[in-house]
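> Build the full structure now, drawing on both the sequences and the hints.
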Amino acid sequence: MATINSVQEEIIEDFGMLDGDMEMTIGYVMELGTKLPELPAEYQTDQNIVKGCQSKVWLHAKMVDDKVVFEADSNTAITKGLVSLLVRILSNQTPDDILNADLYFHEKIGMNRFIGTQRSNGFAAMIKQMQIYALAMKAKIN
Amino acid sequence: MVDAAIDIEAIRKQFPILHQEVNGKPLVYFDNAATSQKPQCVIDALTHYYNTDNSNIHRGIHTLAERATTAFEDTRKAVAKFLNTNEVEEVIFTKGTTEGINLVAATYGRKFIGAGDEIIVSALEHHSNIVPWQILCEEKGAILKVIPVNEKGELIFDEYVKLLSDKTKLVSVNYISNALGTINPVKEIIAEAHKVGAKVLIDAAQAAPHVKLDVKALDCDFLAFSAHKVYGPTGVGALYGKRDLLEAMPPYQGGGEMIKDVSFSGTTFNDIPYKFEAGTPNIGEVIAFKAAIDFVEELGQENIAQYEDELMAYANDLLKDVEGFTPVGTADKKASVISFLIDGVHPFDLGQLLDARGIAVRTGHHCAQPLMEFFNIEGTVRASFSVYNTKEEIKCFVDSLKAVIKMFK
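Chains as they are written, first to last, in our numbering: chain A, 1 to 142; chain B, 1 to 409.
FYI, nobody ran anything at the bench for these hints, they're computed from the structure. Just so you know, these numbers come straight off a predicted model, no measurement behind them. Glycine residues also receive a C-beta, built at the ideal position from the N, C-alpha and C atoms. Incorrect hints may have been included.
[What the hints assert, rightly or not] Beyond 10 angstroms from chain A on every Cβ pair, some chain B residues (computed):
id	residue
1	Asp44
2	Lys95
3	His194
4	Phe348
5	Asp349
6	Gln352
7	Asp355
8	Arg357
9	Asp399
[To be verified] Here are the in silico distance ranges between beta carbons for each label pair:
id	chain 1	residue 1	chain 2	residue 2	range
10	A	Ile141	B	Ile156	54 to 62 angstroms
11	B	Ile377	A	Pro37	22 to 30 angstroms
12	B	Thr234	A	Ala139	54 to 62 angstroms
13	B	Lys25	A	Ser6	34 to 42 angstroms
14	B	Arg110	A	Asp14	30 to 38 angstroms
15	A	Thr117	B	Thr234	12 to 20 angstroms
16	B	Lys406	A	Asp65	40 to 48 angstroms
17	B	Lys25	A	Thr117	15 to 23 angstroms
18	A	Thr117	B	Ile156	34 to 42 angstroms
19	B	His127	A	Glu38	41 to 49 angstroms
Laid out in structure tokens, this is it:
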């Protein structure tokens, strides 16, 4: 299984090929969102909505073996692409790895510039929610 | 593209901010309902104050204080003229429309509204003209009533009249809706309210840049607007109030210019308008506010309105060809605001992708969540035009819209 940092490096490389073009970058993010596996309707509940996002983002977590598996969806295409990046990085990792993760890819790809401050805040809220899930899963295991 | 009365090239030259690229594309600024851009004369007035006249006002006897005070009070005269009141003392400087409304709620409301009294707002209001009244009603046990709107986003006048009674103490409505651009029949609203003895506050934040404000002709009791939507600086606005009402109202905040004499046994308050202007105001911004008013008056509000109507007609015509375009708010009388949705595309995504093409529009609920609830939507995309916008920009916007929509197919 790829490590959190190796996936981050892959993403940084992928975005590097877009040459900083704003429209192409957003288009690419949206495309990533379309590849995100569909979140079952039963998980698209108010309880699973990430607080702090302007758009609606549903995030669900479950344990498979000793790993946390994340599933997500959003009602906006760009946000769906953003959460897909986090799912790609943090899903199928152990709770400890998620809690200790140093997420740096968004700064390297200049995400703030192409999604703006409000969505960046939402993005931070998604990360926080994923860590809360990881913490809850860790507590459950122990 | 040059209207007989508006020389668009000459106007655009006065706005330095418009001549730049955003994300590698020429800026198209269609977020004017949120704030307008500032002409060079406003920027110059602001820097002139800080470069040459910076001083506190009303108390100093030195030359700079004198210059600053004169310029500050000249703006008050200009605002009085802009609103068509002969009484300069009826103009109070505020931080903006929101503070003007809060001031009336906190002073007139506190003194003259009690348990069981009714306040009427409309379903078209933005939060600034809802929340201060909710707070007041909560404190006083008064009741907030809401004028409903129809599917076109127009106030239902008959329903408004039914809400009025001798319990109605205040009606507070916007002149033009920020979210939809609906122009409300405020003159008629005021006349009906006065029949039952209610006072009326007009939120003219959106109206000030688009229609001639005339407090005498309207006979409104209060009117609030902001400088920054009329090509002026942020953090400054004006509240108009009829003299007898302002004089009867208790002070808003304590300290500074609002005091006549202070002793520990008691304080006497200054006369209007100073009674409501506690502390050191935004002096430079107030002074530059006059330059903005002069700019508008030089162009002529009728000319501005006529030109913006032309832009609206042109935009509406082009937007007919945009796949999945649904306007939100189709009132018969509208200012230069187009609020819309595109089938299958979230407003946030649309706003972000238009920004990538250098086009600034607003997306979201526009601080009018109850109105969005009425339409059962989360929000809209809002393009709002100003006197410095052009038909070429509208064409660019519509072409970009079509290109962005294709990305979702």
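> If a hint holds in the structure, say so; if it does not, say that too.
To see whether the hints hold, each was checked on the structure:
no.: 1; hint: Asp44; verdict: holds (31 angstroms)
no.: 2; hint: Lys95; verdict: holds (23 angstroms)
no.: 3; hint: His194; verdict: holds (42 angstroms)
no.: 4; hint: Phe348; verdict: violated (5 angstroms)
no.: 5; hint: Asp349; verdict: violated (5 angstroms)
no.: 6; hint: Gln352; verdict: violated (6 angstroms)
no.: 7; hint: Asp355; verdict: violated (8 angstroms)
no.: 8; hint: Arg357; verdict: violated (7 angstroms)
no.: 9; hint: Asp399; verdict: holds (14 angstroms)
no.: 10; hint: A:Ile141 / B:Ile156: 54 to 62 angstroms; verdict: holds (60 angstroms)
no.: 11; hint: B:Ile377 / A:Pro37: 22 to 30 angstroms; verdict: holds (28 angstroms)
no.: 12; hint: B:Thr234 / A:Ala139: 54 to 62 angstroms; verdict: violated (48 angstroms)
no.: 13; hint: B:Lys25 / A:Ser6: 34 to 42 angstroms; verdict: holds (36 angstroms)
no.: 14; hint: B:Arg110 / A:Asp14: 30 to 38 angstroms; verdict: violated (60 angstroms)
no.: 15; hint: A:Thr117 / B:Thr234: 12 to 20 angstroms; verdict: holds (18 angstroms)
no.: 16; hint: B:Lys406 / A:Asp65: 40 to 48 angstroms; verdict: holds (43 angstroms)
no.: 17; hint: B:Lys25 / A:Thr117: 15 to 23 angstroms; verdict: holds (21 angstroms)
no.: 18; hint: A:Thr117 / B:Ile156: 34 to 42 angstroms; verdict: holds (39 angstroms)
no.: 19; hint: B:His127 / A:Glu38: 41 to 49 angstroms; verdict: violated (36 angstroms)
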